[in-house]
Amino acid sequence: MKLAIVGTGYVGLVTGTCFADLGHDVICCDIDQKKIDLLNNGEIPIYEPGLEEMVASNIEDGRLHFTTDVGEAIRDSLMVFICVGTPPQEDGTADLTYVLGVAKRIGEEINGYKIVVDKSTVPVGTADKVRAAVLEAMQTRGVSHEFDVVSNPEFLKEGAAIEDFMVPDRVVIGCDNVRVKALMEEVYANFAKNGRPIIVMSTRAAEMTKYAANAMLATKISFMNEIAGICENVGADVDEVRNGIGSDRRIGYRFIFPGIGYGGSCFPKDVKALISTAREAGVEPKILPAVDEVNEHQKRTMTEKLRLYYRDAIEGKTFAVWGLAFKPETDDVREAPALVIVEWLLSQGARIRAYDPRAEHQARLLLGENPGIEYISHYYDALEGVDALILCTEWKFFRNVNAAKVKELMKAPVVFDGRNVYNPALMKTEGFDYFCIGREPVLAYSQGLTGKA
11 MKLAIVGTGY VGLVTGTCFA DLGHDVICCD IDQKKIDLLN NGEIPIYEPG
61 LEEMVASNIE DGRLHFTTDV GEAIRDSLMV FICVGTPPQE DGTADLTYVL
111 GVAKRIGEEI NGYKIVVDKS TVPVGTADKV RAAVLEAMQT RGVSHEFDVV
161 SNPEFLKEGA AIEDFMVPDR VVIGCDNVRV KALMEEVYAN FAKNGRPIIV
211 MSTRAAEMTK YAANAMLATK ISFMNEIAGI CENVGADVDE VRNGIGSDRR
261 IGYRFIFPGI GYGGSCFPKD VKALISTARE AGVEPKILPA VDEVNEHQKR
311 TMTEKLRLYY RDAIEGKTFA VWGLAFKPET DDVREAPALV IVEWLLSQGA
361 RIRAYDPRAE HQARLLLGEN PGIEYISHYY DALEGVDALI LCTEWKFFRN
411 VNAAKVKELM KAPVVFDGRN VYNPALMKTE GFDYFCIGRE PVLAYSQGLT
461 GKA
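Positions in the sequence shown are counted from 1; adding 10 to them yields our numbering.
The hints are simulated quantities; they were obtained by calculation from the structure and are not laboratory data. It is possible that some hints are incorrect.
Said to hold, decoys possible - So the derived label-pair ranges between C-beta atoms look like this:
1) VAL210 with SER387: 32 to 38 Å
2) THR150 with LYS406: 50 to 56 Å
3) HIS371 with LYS167: 18 to 24 Å
4) GLY72 with TYR123: 46 to 52 Å
5) ASN412 with ASN50: 40 to 46 Å
6) LYS167 with GLY72: 25 to 31 Å
7) LYS167 with GLU100: 23 to 29 Å
8) SER67 with ARG189: 46 to 52 Å
9) SER357 with LEU88: 51 to 57 Å
10) ARG189 with ARG260: 24 to 30 Å
As the list claims (entries may be wrong) - For lysine-lysine, the following DSS-like pairs were computed, each having C-alpha atoms within a straight-line distance of at most 27 Å:
11) LYS421 with LYS406
12) LYS139 with LYS44
13) LYS296 with LYS230
14) LYS337 with LYS415
15) LYS337 with LYS139
16) LYS12 with LYS139
17) LYS279 with LYS167
18) LYS167 with LYS191
19) LYS167 with LYS282
20) LYS406 with LYS167
21) LYS327 with LYS438
22) LYS167 with LYS44
23) LYS327 with LYS417
24) LYS315 with LYS230
25) LYS45 with LYS337
26) LYS282 with LYS230
27) LYS315 with LYS167
28) LYS315 with LYS327
29) LYS337 with LYS417
30) LYS191 with LYS114
31) LYS415 with LYS438
32) LYS191 with LYS203
33) LYS230 with LYS203
34) LYS45 with LYS12
35) LYS296 with LYS282
36) LYS191 with LYS12
37) LYS167 with LYS337
38) LYS139 with LYS315
39) LYS167 with LYS45
40) LYS114 with LYS139
Don't be surprised by glycine CBs; every beta carbon is placed ideally from N, CA and C.
Based on the provided sequences and hints, a complete structural model is requested.
Put into structure tokens, the structure is as follows:
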């Protein structure tokens, strides 16, 4: 089947490449000529494990194409997937400018029956707006062609997007007639054969499903972070609590790891958008604003620990920051807790030696060139002469570092662990001052200096 993917950002590139790998003829289009040139050379503008190799192999096999000619892609395809951004506006609502712009372009180019698929994360009722935009553009042209609008939300985790697409928990299809249902099921036939459920519902239910799913996961994270704060104040170990509740099959272990808050392009934006959707519908949500509030507070938990430890004397100190991306296995720094910490430290007059294996370029773009930040090419090198290490992203290789080497490189063996990567007992044995989330701090270094037990 011939598929057009409009937008070659994270969702569009993963979707188009995976569809091509399943045997479909896919043309991905974007107005960014530099990006298209890069993709046609087999290079990709984002980091996602396995994606670059998959793009290259499907280009070579002739199933995957990239172009700036959006009109040709629309005219030559049966299905047009809208995969453009929906950035948050100041009031938290999703900006549909790009989505409706694509819908208008479809109406300007449509030359026969088309299925218009909303893949972007959009508010409830967007399918109706897309339909209206296509119709209006056709009326302006003085033409009439049959088309259907489908909501087909993505459920991709950055860092595991290919697996999530190829081995999904479910495929959600929002449509309103039997014909388009059959065609959409044909596109996803491989998943049905492999026992992955295809769930068909109304377009509005599909749109709501995406927001509800992300809001539920964000809620689990914020809930666990609130529990972690309580644990710190009552003397309980949040990791023991996590194991205790995660063993309950009704709860499970996923998304209940305490830390310094969630980030990225989805959870923060989608929680705020769902709050706005509720209020526009006359419903005042209670849980969702709390989820967002807890997360914003959690991003500053580590800065409060730093402030208390150094008694507000941050100026002139140097900190190593391990990890800038909002999570491991991605280069995405949007809404990353690490950047909140870095910006606060800089505002206090500190200097930063930052390391991230993938996200340095994106961090530079967001933070700007700042003389207070030095980007280091190896994580051990970032430790040279620093007053403390702050771990913000749990890249796997951070878990098994040489503690003696870490201590030797640092000016003072002080670690602020925002992801609970290290064992407090081990950190005590090695002589560190160690601060984490939801567990008692270790003061082996400072107590040793003062002669305390």
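Status of the hints after comparison with the structure:
1. For the pair VAL210 and SER387, the supplied restraint of 32 to 38 Å is violated, since their beta-carbon distance comes to about 50 Å.
2. Checked against the given bound of 50 to 56 Å, the beta carbons of THR150 and LYS406, roughly 54 Å apart, stay inside it.
3. The hinted range of 18 to 24 Å is satisfied by HIS371 and LYS167, whose Cβ atoms lie roughly 21 Å apart.
4. About 25 Å separates the C-beta atoms of GLY72 and TYR123, a value inconsistent with the hinted range of 46 to 52 Å.
5. Taken as a hint, the range 40 to 46 Å holds for the pair ASN412 and ASN50, whose Cβ atoms sit roughly 43 Å apart.
6. Judged by the Cβ atoms, the range 25 to 31 Å given for LYS167 and GLY72 holds: they are separated by roughly 30 Å.
7. A C-beta distance of roughly 28 Å is found between LYS167 and GLU100, which places it inside the suggested range of 23 to 29 Å.
8. Judged by the Cβ atoms, the range 46 to 52 Å given for SER67 and ARG189 is violated: they are separated by roughly 33 Å.
9. Look at SER357 against LEU88: about 53 Å separates their beta carbons, and that is inside 51 to 57 Å.
10. Our hint of 24 to 30 Å for ARG189 and ARG260 is violated, since their Cβ atoms are close to 40 Å apart.
11. Using a Cα cut-off of 27 Å, the hinted pair LYS421 and LYS406 holds, with the two alpha carbons roughly 25 Å apart.
12. Taking the CA atoms of LYS139 and LYS44, the gap is near 31 Å; set against the 27 Å cutoff, the hint is violated.
13. Taking the CA atoms of LYS296 and LYS230, the gap is about 15 Å. The hint holds against a cut of 27 Å.
14. For the given pair, LYS337 sits about 25 Å from LYS415 by alpha-carbon distance, which is consistent with the 27 Å threshold.
15. Only pairs whose Cα atoms come within 27 Å are accepted, and LYS337 paired with LYS139 is rejected, the gap being roughly 34 Å.
16. The hinted pair formed by LYS12 and LYS139 meets the criterion: a straight-line CA distance of about 25 Å does not exceed 27 Å.
17. For the hint pairing LYS279 with LYS167, the CA-to-CA distance comes to about 15 Å; that is within 27 Å, so the pair holds.
18. In summary, the hint linking LYS167 to LYS191 is supported, as the alpha carbons are separated by about 26 Å, within the 27 Å threshold.
19. Taking the CA atoms of LYS167 and LYS282, the gap is near 19 Å; set against the 27 Å cutoff, the hint holds.
20. For the hint linking LYS406 to LYS167, the alpha-carbon distance of about 17 Å falls within 27 Å, and the restraint holds.
21. Between LYS327 and LYS438 the alpha-carbon distance is near 23 Å, which keeps this suggested pair within the 27 Å criterion.
22. Simply put, LYS167 and LYS44 have alpha-carbon atoms about 26 Å apart, close enough for the 27 Å limit, and the pair holds.
23. Proximity of LYS327 to LYS417 is assessed by CA-CA distance (about 17 Å); at most 27 Å being required, the pair is judged to hold.
24. This hinted pair checks out: LYS315 and LYS230 have alpha carbons roughly 23 Å apart, not beyond 27 Å.
25. The straight-line distance between the Cα atoms of LYS45 and LYS337 is roughly 24 Å, inside the 27 Å bound, and the hint therefore holds.
26. Taking the CA atoms of LYS282 and LYS230, the gap is about 16 Å. The hint holds against a cut of 27 Å.
27. Annotation: proposed proximity of LYS315 to LYS167 is violated, straight-line Cα distance about 30 Å (limit 27 Å).
28. Restraint check: the Cα-Cα separation between LYS315 and LYS327 comes to about 15 Å, which is no more than 27 Å; the hinted pair holds.
29. The suggested pairing of LYS337 with LYS417 holds, with an alpha-carbon distance near 25 Å, which does not exceed 27 Å.
30. Only pairs whose Cα atoms come within 27 Å are accepted, and LYS191 paired with LYS114 is accepted, the gap being roughly 24 Å.
31. Taking the CA atoms of LYS415 and LYS438, the gap is near 16 Å; set against the 27 Å cutoff, the hint holds.
32. For the suggested pair LYS191 and LYS203, the alpha carbons sit about 16 Å apart, so the restraint of at most 27 Å is met.
33. At most 27 Å may separate the alpha-carbon atoms for a hinted pair to count; LYS230 and LYS203 exceed this at roughly 32 Å.
34. For the suggested pair LYS45 and LYS12, the alpha carbons sit about 22 Å apart, so the restraint of at most 27 Å is met.
35. Using a Cα cut-off of 27 Å, the hinted pair LYS296 and LYS282 holds, with the two alpha carbons roughly 13 Å apart.
36. Proposed proximity of LYS191 and LYS12 is supported: the alpha carbons are some 17 Å apart, at most 27 Å.
37. Distance check on the hinted pair: LYS167 and LYS337 sit about 10 Å apart at the alpha-carbon level, within 27 Å; holds.
38. In summary, the hint linking LYS139 to LYS315 is not supported, as the alpha carbons are separated by about 47 Å, beyond the 27 Å threshold.
39. Taking the CA atoms of LYS167 and LYS45, the gap is about 22 Å. The hint holds against a cut of 27 Å.
40. Restraint check for LYS114 and LYS139: satisfied, since their Cα atoms lie roughly 10 Å apart, inside the 27 Å limit.
Of the numbered hints stated above, those contradicted by the structure are hints 1, 4, 8, 10, 12, 15, 27, 33, 38, listed in ascending order.
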